[in-house]
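Enquirer: Turn these sequences into a full structure, and let the hints guide you.
In the order they appear, the protein sequences are chains A and B.
Per our numbering, residue 1 is the first one in the first sequence, and the count goes up by one each step.
Per our numbering, residue 764 is the first one in the second sequence, and the count goes up by one each step.
For the record, the hints were derived by calculation from the structure and aren't laboratory data.
Heads up, some of the hints might be wrong.
[Claimed, not checked] Simulated pairs of lysine-lysine, BS3-like, Cα-Cα distance not exceeding 25 Å:
#1 A:K76 <-> B:K1220
#2 A:K31 <-> A:K52
#3 B:K844 <-> A:K575
#4 A:K535 <-> B:K825
#5 B:K834 <-> B:K874
#6 A:K457 <-> B:K869
#7 A:K31 <-> B:K839
#8 B:K794 <-> A:K31
#9 B:K786 <-> A:K31
#10 B:K1338 <-> A:K446
#11 A:K540 <-> B:K1209
#12 A:K457 <-> B:K1209
[As the list claims (entries may be wrong)] Beta-carbon label-pair distances, calculated as ranges:
#13 A:D458 <-> B:P902: 32 to 38 Å
#14 B:E1302 <-> A:E163: 26 to 32 Å
#15 A:D568 <-> B:E1302: 43 to 49 Å
Glycine included, every Cβ here is placed at the ideal spot set by N, Cα and C.
There are 2 protein chains.
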Amino acid sequence: MENILPKRKVYDRQDAYAKITGKVKYVADLKFSGMLYVQTVRSPYAHARILKIDSSEALKLKGVVGVYTAKDVPGKNQLPKDKPVLVEEVAKCMGDGVAVVVANTKIQAMKAAKLVKIDYEELPAVYDPEEALQEGASPVHGDSNSAAGHTTMKGDLEVGFAEADIIIEREYSTQRAMHAAIEPDGAIVIPEANGLLVYCPGKGPFNIKRAVAASCGLNENQVRLIQPTIGGAFGGKDADINVIAARAAMAALITGRPCKMIWSREEVLLEGTKRHPFKLKYKVGAKKDGHITAMEIKGLADVGAYISKSQATIWRATVEATGPYKIENISTTIVGAFTNNVYSDAVRGFGSPQVDFASESLMSELAKELGMDPLEIRRLNAYTEGSITATGQELTGVNLIECLDKLEEVFPCHEKPAPAPKGKVRGRGISCIFRGEAMGAGFPIKDAAAVNIHIEKDGSLVVFSGIAEMGQGGSNIVLQMISEVLGVSIESMKMSPLDTSYVPDSGATVGSRGTITSGNAAVIAAQDAKDRMSKIIAEKWNSKLEDLVFENDTIFTKNQSKQISFSDAVTLCYKEIPGVYGYGWWSLPSVWWDFEKKCGDTYASFNYGACGAEVEIDLTSGKVEVTNLVAIHDVGRILNEPEVKGQIAGGVSMALGLALTEEVAIEKGILKTTNFDHYLLPTTLDFHQFKAIPLEAKPGTNPLGVKGVGESSSATVAPAVLNAIEDALGVRIRHLPADLESVFAAIEESESLGYIKGGVRQN
Amino acid sequence: MENILPKRKVYDRQDAYAKITGKVKYVADLKFSGMLYVQTVRSPYAHARILKIDSSEALKLKGVVGVYTAKDVPGKNQLPKDKPVLVEEVAKCMGDGVAVVVANTKIQAMKAAKLVKIDYEELPAVYDPEEALQEGASPVHGDSNSAAGHTTMKGDLEVGFAEADIIIEREYSTQRAMHAAIEPDGAIVIPEANGLLVYCPGKGPFNIKRAVAASCGLNENQVRLIQPTIGGAFGGKDADINVIAARAAMAALITGRPCKMIWSREEVLLEGTKRHPFKLKYKVGAKKDGHITAMEIKGLADVGAYISKSQATIWRATVEATGPYKIENISTTIVGAFTNNVYSDAVRGFGSPQVDFASESLMSELAKELGMDPLEIRRLNAYTEGSITATGQELTGVNLIECLDKLEEVFPCHEKPAPAPKGKVRGRGISCIFRGEAMGAGFPIKDAAAVNIHIEKDGSLVVFSGIAEMGQGGSNIVLQMISEVLGVSIESMKMSPLDTSYVPDSGATVGSRGTITSGNAAVIAAQDAKDRMSKIIAEKWNSKLEDLVFENDTIFTKNQSKQISFSDAVTLCYKEIPGVYGYGWWSLPSVWWDFEKKCGDTYASFNYGACGAEVEIDLTSGKVEVTNLVAIHDVGRILNEPEVKGQIAGGVSMALGLALTEEVAIEKGILKTTNFDHYLLPTTLDFHQFKAIPLEAKPGTNPLGVKGVGESSSATVAPAVLNAIEDALGVRIRHLPADLESVFAAIEESESLGYIKGGVRQN
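Expert: This is the structure:
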């Protein structure tokens, strides 16, 4: 691969100018003539039977075109996998969509939505996943609230704990959180002569298209989706976008007019999917020297009212729950329970941040109990080449020690922080992780992407990639790979909009799979175009194929005896062949997994990471400032350094919120966090000293050698920060987020225990 | 090929419902938010130097955003091949665009256009092509008004005329005519992040894209064209659409907003291209038995102010000018002259209707002089298998005699018509033609089309074809071919909109090349998809590839032991391969042509046709009713009988206008025909007894065996009708159209000569 990609030139993103100058159009900016606005009417109850829907008052309002309910859904009233387009009989959580109002203006639709009178019969409900699984709990679906469950077993737990010199048990829990993309979810659906045209910023455009086709009773070829610019996804723009697109599509099909539905921030909070709250009980046994002999993990996730992708999320959490450690005896069981809370689904990290928070808090707790250095206990147990995971997979290309070495080099993890000003205390914490790449065995589908290149007659290029550009820079990587192989400047290329009519289906842009799959596909596509052109040029020149060099928008022979500009070469080729193009398709190798025996290979490859955090805590307010943060990530090969650093920074920022401030509060099924004034996002002001370190150690197993870092970067921060808080206060917080209240409580405990006296750390 | 296409099921057009119910959106129907309207300011003079352009009053008008002139053109101020986007120094004909006004509304733009003050200096001008070529004529471009000229020579003219028993000389002329699509030309151009999006109903979408790119100084990949539904083209929607798209693109690029320009009917008449008026002098020598011994043809076409595609039009006229007859000694020279008239360009038939009118009038005149039957003289001289054309091409697959036989069978060409009521006279006339298929040697480009098929995961299909659907039914033919090869119902297919982003470049839909090129490409694409699926199915079933049958949305083995629905088969295939698709590309064979020696093969294949017309002429008004018309066309193989009959009927209707009513009058460069009230189109009320007969004789040389009939159908009618008028009146009209005035003059002459007495035909 190195010889195909000899240089590493870094390019600005093509979409940067338009985004910075505000010229870019998001779906909310789009208007079409005759367009109607669609507003959802939602259940105010967590569990309630619909007795009667009276639309008469709403329909009297000026500008109202129609009110539609479940019985108007043209096709199958079920989105993947179980959420209905609109509730038929029973609303299963607060915010469940019961009807849609369609009107000429947004204001009219919103007013009319309030006039739709729905009579409900409230039903018994469950809000706590533990209660939900108890005998006699009111079932959300069918007979049981058992929604998902995965187990891994390795060795003999009894033997392992018997070997241990010390056994500790701890319980951790994580919060319900949201994606918090600045762009809320929305869609516009336009009826066309023979189907529907959907404008919709989804990260799985082909999945949305299929969801719309099914819910509208159309063939797949009757639904075309064009992706407008996406204003961030962070694991979202997925299940919620299906809901929105299906409702707007239904309205468009019935009214015959373009229909727009953009959720407000409040609606995103109310009906949008959330990150799974987890409760995780860990029991770990270790020798005095720190070697772990056994680990038992029992977990419970709140699935909420619909299953969606909870099975896969919990599967990932289960297979990664031990952290990146060599342990002979393991038992992990994580189950998911239906409740009458808003449903949980994919959020950046997809189960990893929850278990990584727990296992990495645990490792520091174990180190403390053993009086060991937190880095040393990790190094001692860390996965190395040939280690066997909890599911029996033999690891290759392991770069964990390299991450820890780098952490030791750049972060003073063995030293105490400098004393804080009075009234403040400082502490340091670390963490490390491993994470399976891409979809893995939890999603038994072909994990592939395709890139097509069309070269115009004037030598300019149009590139078609199915990987969604959500702000992560995925398009730029594809263009860069093509530029490197074909030797053409990135300025002569254009990334086509993502349109399901002609962009190759590359699955959803999830699981940190974008660069691995589309980067490799892009190289293959460019090589395909290069081969096609080389054959013609070599024949004209009577040269050998391998003597041709594509560089600096020129093609020349190695001895430079002949040369032609790239655009002239294209003109030449068009005289011989119908089109100058390149097709590339690349798939991750399939992994072997035994769903019966719960063992096998979970992912084709893994990446590793380590984090060091220093905090300064204000003892009066409980405010935690992260004063230094180092995020080291095993990226295989760096394709574009600013891009990968940017992606790490983004993950860290999201994880800071997870560690300290973000939580969607629900009390007895009723949403309490209704807008960003209560859902506190970190800003650039919360970043102090920060270093993103993409680490090149052993390359990934794919031809490009890259690894995906989109999600890993959001998984290491919370445990490192909470370990730092423990270091500062001597008191452990085991629930996320470590918000002002819980930190303040920990300060009080710390003071009562004498760890802090007179505003000064004592140890 | 027969075994690939065993049955001939006829399908309704997919776009029929939307068109009939008015749901279809034409470019004029499209609106985009923030859209501006662009209006052209034009020269009122036929030849004038621009001294000063004062936009100040226009710019003061409310809603006016800008006034732009040639100096604002962002790229090259030249459209293919010579017309500027906006005139720089000298307007070369009335209607030449000098400036554009851009405003918030159409009305504002129109008002403001009138306020742009332009000072002109009138220049000497030429209006008559003969005068234009004379020494000392004021040149339109450069030094000379000689714009184009082609010659063919065969045998020895002197020898040929010496052998003749009779020599006659006649002069014919044809009018300036327009395309008269009901939808006038227009475009909307939208600035996008990295280029322009063009909505534009052009028949050569990739050509327009390239014209816009060049005139805007953009790369080709920065211009994307989406073709809205086309409301008819008839040879138009070509050069004029380039003009409109380039002006709207210029405005969009400057203002950064969507810009719309739709020409009014008056504007189409004023600035739009027209059919070339021809003057043709024929000298023909024949033996007493009717055998033609020599033919000399001298022609002159009015090119108007810009060359555009005049060279190719005149080339086609030159090589077809003799008509379909075996003649040993030929000299044909047709030249084109620049004048300060509106410029001439492609109109359905592209030079053929003009020469066919002349040569077929001549044949009937010669028959009359020799006292022969008009059918017999044609039969005697007609091209047959192995005949050598004027350019030395040996013909194969000749079906002219078959057309004449059919004419004799269905049209009473040897009998006199039944006597007309008093005050009316009746007559009968015939004609026959040959016509080169597709682009031929006059356009030395690859004459190819491509069709791509994408099969969705649910088994529904999306088809991509670069051939424009202009109302002729080209899309339906492509779908039908795929349906026949893959055995899937046409209802499960969708023809993708023509979008240059992803539809394969298939050249312009001109030259009657649509079905030949895209029909064959469609079969290849479908076979490609079939092969791809067959390989997988055959392996699963352990069957031989050749034992698989695709029929009735099912795939089964010949012995019917195994079967699977088409959609299940697709699902199966998706598990094995990344995509289920088919690519097809088919090109007409290149023709050998010597541009130096003016000889060689003009077209890869030819089609033939014959026409019989009966007219009834009102002696009081001069009104000619075509009371019976039979149009026989050699179509190779009939793919879809209603479609091909419809296409013939359309051509006949257009040719009826050419024969009798349509003319764009220009006097000294000044347009006199300003709207449809003066430009008289035939309607369905002008059709009496009419029969379109697509004739299957020897198939075409392409795999499908089809021939193109889009233009031939418009070439036979005028001479047949004018021969019938001559038959009725005994007086020959040699200028098109035979309008009320000229027919009335002929009636007066006929009466003065005694051919008609007391309102009754005497012979």
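Enquirer: Now, for every hint given, state plainly whether the structure supports it.
Expert: Hint check:
no.	hint	in the structure
1	A:K76 <-> B:K1220	holds, 17 Å
2	A:K31 <-> A:K52	violated, 34 Å
3	B:K844 <-> A:K575	holds, 21 Å
4	A:K535 <-> B:K825	violated, 60 Å
5	B:K834 <-> B:K874	holds, 23 Å
6	A:K457 <-> B:K869	violated, 36 Å
7	A:K31 <-> B:K839	violated, 33 Å
8	B:K794 <-> A:K31	holds, 9 Å
9	B:K786 <-> A:K31	holds, 19 Å
10	B:K1338 <-> A:K446	holds, 8 Å
11	A:K540 <-> B:K1209	holds, 19 Å
12	A:K457 <-> B:K1209	holds, 13 Å
13	A:D458 <-> B:P902: 32 to 38 Å	holds, 33 Å
14	B:E1302 <-> A:E163: 26 to 32 Å	violated, 53 Å
15	A:D568 <-> B:E1302: 43 to 49 Å	holds, 45 Å
Taken one by one, the earlier hints fail for this structure at numbers 2, 4, 6, 7 and 14, listed in ascending order.
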